[in-house]
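**Student:** Here is how the chains run, residue by residue.
Protein chains: 2
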Amino acid sequence: MILYVDANYLSPYAMSAYVALREKGLAFELRLLNLQKAEQASAAYAAISNTQRVPALVDNAHNFNLSESSAIAEYIDERYRERGHSLYPANISARAKARELQAWLRSDLQHIREERPTEVVFLKRSPAPLSAKAQTAANKLFHAATQLLQPGQQHLFDEWSIADTDLALMLNRLVLAEDPVPEHLVHYAYLQWQRPSVQDWVNLPRQIG
Amino acid sequence: MILYVDANYLSPYAMSAYVALREKGLAFELRLLNLQKAEQASAAYAAISNTQRVPALVDNAHNFNLSESSAIAEYIDERYRERGHSLYPANISARAKARELQAWLRSDLQHIREERPTEVVFLKRSPAPLSAKAQTAANKLFHAATQLLQPGQQHLFDEWSIADTDLALMLNRLVLAEDPVPEHLVHYAYLQWQRPSVQDWVNLPRQIG
Ligand SMILES: [Ca+2]
Ligand SMILES: [Ca+2]
Ligand SMILES: [Ca+2]
Ligand SMILES: [Ca+2]
Numbered sequence: 001m002i003l004y005v006d007a008n009y010l011s012p013y014a015m016s017a018y019v020a021l022r023e024k025g026l027a028f029e030l031r032l033l034n035l036q037k038a039e040q041a042s043a044a045y046a047a048i049s050n051t052q053r054v055p056a057l058v059d060n061a062h063n064f065n066l067s068e069s070s071a072i073a074e075y076i077d078e079r080y081r082e083r084g085h086s087l088y089p090a091n092i093s094a095r096a097k098a099r100e101l102q103a104w105l106r107s108d109l110q111h112i113r114e115e116r117p118t119e120v121v122f123l124k125r126s127p128a129p130l131s132a133k134a135q136t137a138a139n140k141l142f143h144a145a146t147q148l149l150q151p152g153q154q155h156l157f158d159e160w161s162i163a164d165t166d167l168a169l170m171l172n173r174l175v176l177a178e179d180p181v182p183e184h185l186v187h188y189a190y191l192q193w194q195r196p197s198v199q200d201w202v203n204l205p206r207q208i209g
Numbered sequence: 001m002i003l004y005v006d007a008n009y010l011s012p013y014a015m016s017a018y019v020a021l022r023e024k025g026l027a028f029e030l031r032l033l034n035l036q037k038a039e040q041a042s043a044a045y046a047a048i049s050n051t052q053r054v055p056a057l058v059d060n061a062h063n064f065n066l067s068e069s070s071a072i073a074e075y076i077d078e079r080y081r082e083r084g085h086s087l088y089p090a091n092i093s094a095r096a097k098a099r100e101l102q103a104w105l106r107s108d109l110q111h112i113r114e115e116r117p118t119e120v121v122f123l124k125r126s127p128a129p130l131s132a133k134a135q136t137a138a139n140k141l142f143h144a145a146t147q148l149l150q151p152g153q154q155h156l157f158d159e160w161s162i163a164d165t166d167l168a169l170m171l172n173r174l175v176l177a178e179d180p181v182p183e184h185l186v187h188y189a190y191l192q193w194q195r196p197s198v199q200d201w202v203n204l205p206r207q208i209g
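From first to last, the protein sequence lines are chains A and B. Using the UniProt record's numbering, the first residue of the first sequence is number 1, and each one after it goes up by one. Using the UniProt record's numbering, the first residue of the second sequence is number 1, and each one after it goes up by one.
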């Protein structure tokens with residue numbers, strides 16, 4: 001298998017797909033696209049990725065290409081059901097909440113994503129204080145996370161799922177910028193961040209531009 | 001069951017959830033939120049919708065609330081597997097491509113969404129010509145759709161899926177603005193739009209503001 005990711009390992013969605021493959025115990029080769037040079041918009045990559053974004057998975061064994069990190073996680077969980085750690089809860093309602101969270105984190109909270117880019121998380125950049133709009137988004141994030149996580153709870157559902165990694169990344173945009181974050185969410189994000197599959201992504205070699 | 005949607009029936013995601021429920025043959029009551037009055041940000045609605053967005057589903061039979069339209073479609077397809085029309089393809093690879101498309105349409109192409117809001121589709125507003133950025137996004141949409149749809153093909157996969165409705169809505173932002181769209185995609189979007197579940201949403205009573 002091949003996973004296409006951004007060359008500086010900054011895409012939160014590339015990270016999500018990387019962690020998903022690692023958790024499933026699937027062997028894969030990383031291939032790098034330089035987004036600053038718009039390599040994702042090349043004709044060669046458009047033939048691999050319908051959406052011309054990272055990540056993209058090439059599953060040669062099934063002659064199959066797929067983009068969008070949440071679709072990639074669902075695909076490998078279904079295609080390789082017996083392998084490694086399940087990426088989604090088995091319970092229908094819990095699985096629905098995992099999908100709700102993944103969809104939401106990818107399509108809302110844009111002020112957090114803009115003011116707390118992943119350079120804050122992976123390159124320890126120190127950003128300006130949050131704008132009022134970003135603080136509103138942060139409060140919305142804390143509300144949603146608190147609905148799903150009791151103090152002391154280590155995973156969203158009975159066991160780890162890929163939604164934990166996605167939520168921890170979003171929280172760590174704020175935690176690592178030293179923005180105020182409720183204590184139990186800081187603790188949750190910290191524990192999620194220790195997961196070996198996540199740490200392997202965190203420790204990939206990045207060029208500080 | 002209860003489905004919360006925007007009071008003017010303009011949200012493409014509310015439409016997607018509405019069509020999904022109709023296709024499954026599930027009975028539901030519509031409840032309306034006035035987004036201009038920010039009713040989705042009220043404490044009452046935050047207790048129903050974790051993400052404080054429309055649509056939200058309340059499945060009283062399972063004491064379960066869920067937001068995000070793609071998660072809602074997956075949930076009702078799994079929970080009510082024997083009912084109505086399947087919302088996703090049975091084949092693992094086809095199902096993955098349906099999810100890829102749903103995730104992409106919800107998180108990219110923002111210039112099309114901004115310059116061709118659903119008022120163009122549902123209220124026949126005539127917009128200004130596309131900017132260069134929106135035209136680039138439109139070309140990307142045509143590329144992706146053409147990869148998935150041969151000329152004359154009426155559905156993305158062997159049978160109708162909810163991804164067809166989502167793609168047809170995105171294409172119709174352009175078609176109904178009289179922007180240039182490849183002929184076979186115009187035809188596909190037109191046929192998808194005739195589906196009774198879609199027409200019922202199109203014909204809901206809207207106030208022209
Ligand atoms: Ca780079
Ligand atoms: Ca864990
Ligand atoms: Ca209204
Ligand atoms: Ca059809």
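Please note that the accuracy of each hint is not assured.
Only pairs whose alpha carbons sit at most 30 Å apart, straight line, appear in this in silico BS3-like list of lysine-lysine [as the list claims (entries may be wrong)]:
no. : chain 1 : residue 1 : chain 2 : residue 2
1   : B       : Lys-37    : A       : Lys-124
2   : B       : Lys-133   : A       : Lys-133
3   : A       : Lys-124   : A       : Lys-37
4   : B       : Lys-37    : A       : Lys-37
5   : B       : Lys-37    : B       : Lys-124
Simulated from the structure, these hints should not be mistaken for laboratory data. Keep in mind it's a predicted model, so treat the numbers as computed, not measured.
**Student:** Give me the numbers of the hints this structure contradicts, sorted from smallest to largest.
**Tutor:** Of the numbered hints, 1 and 4 do not hold.
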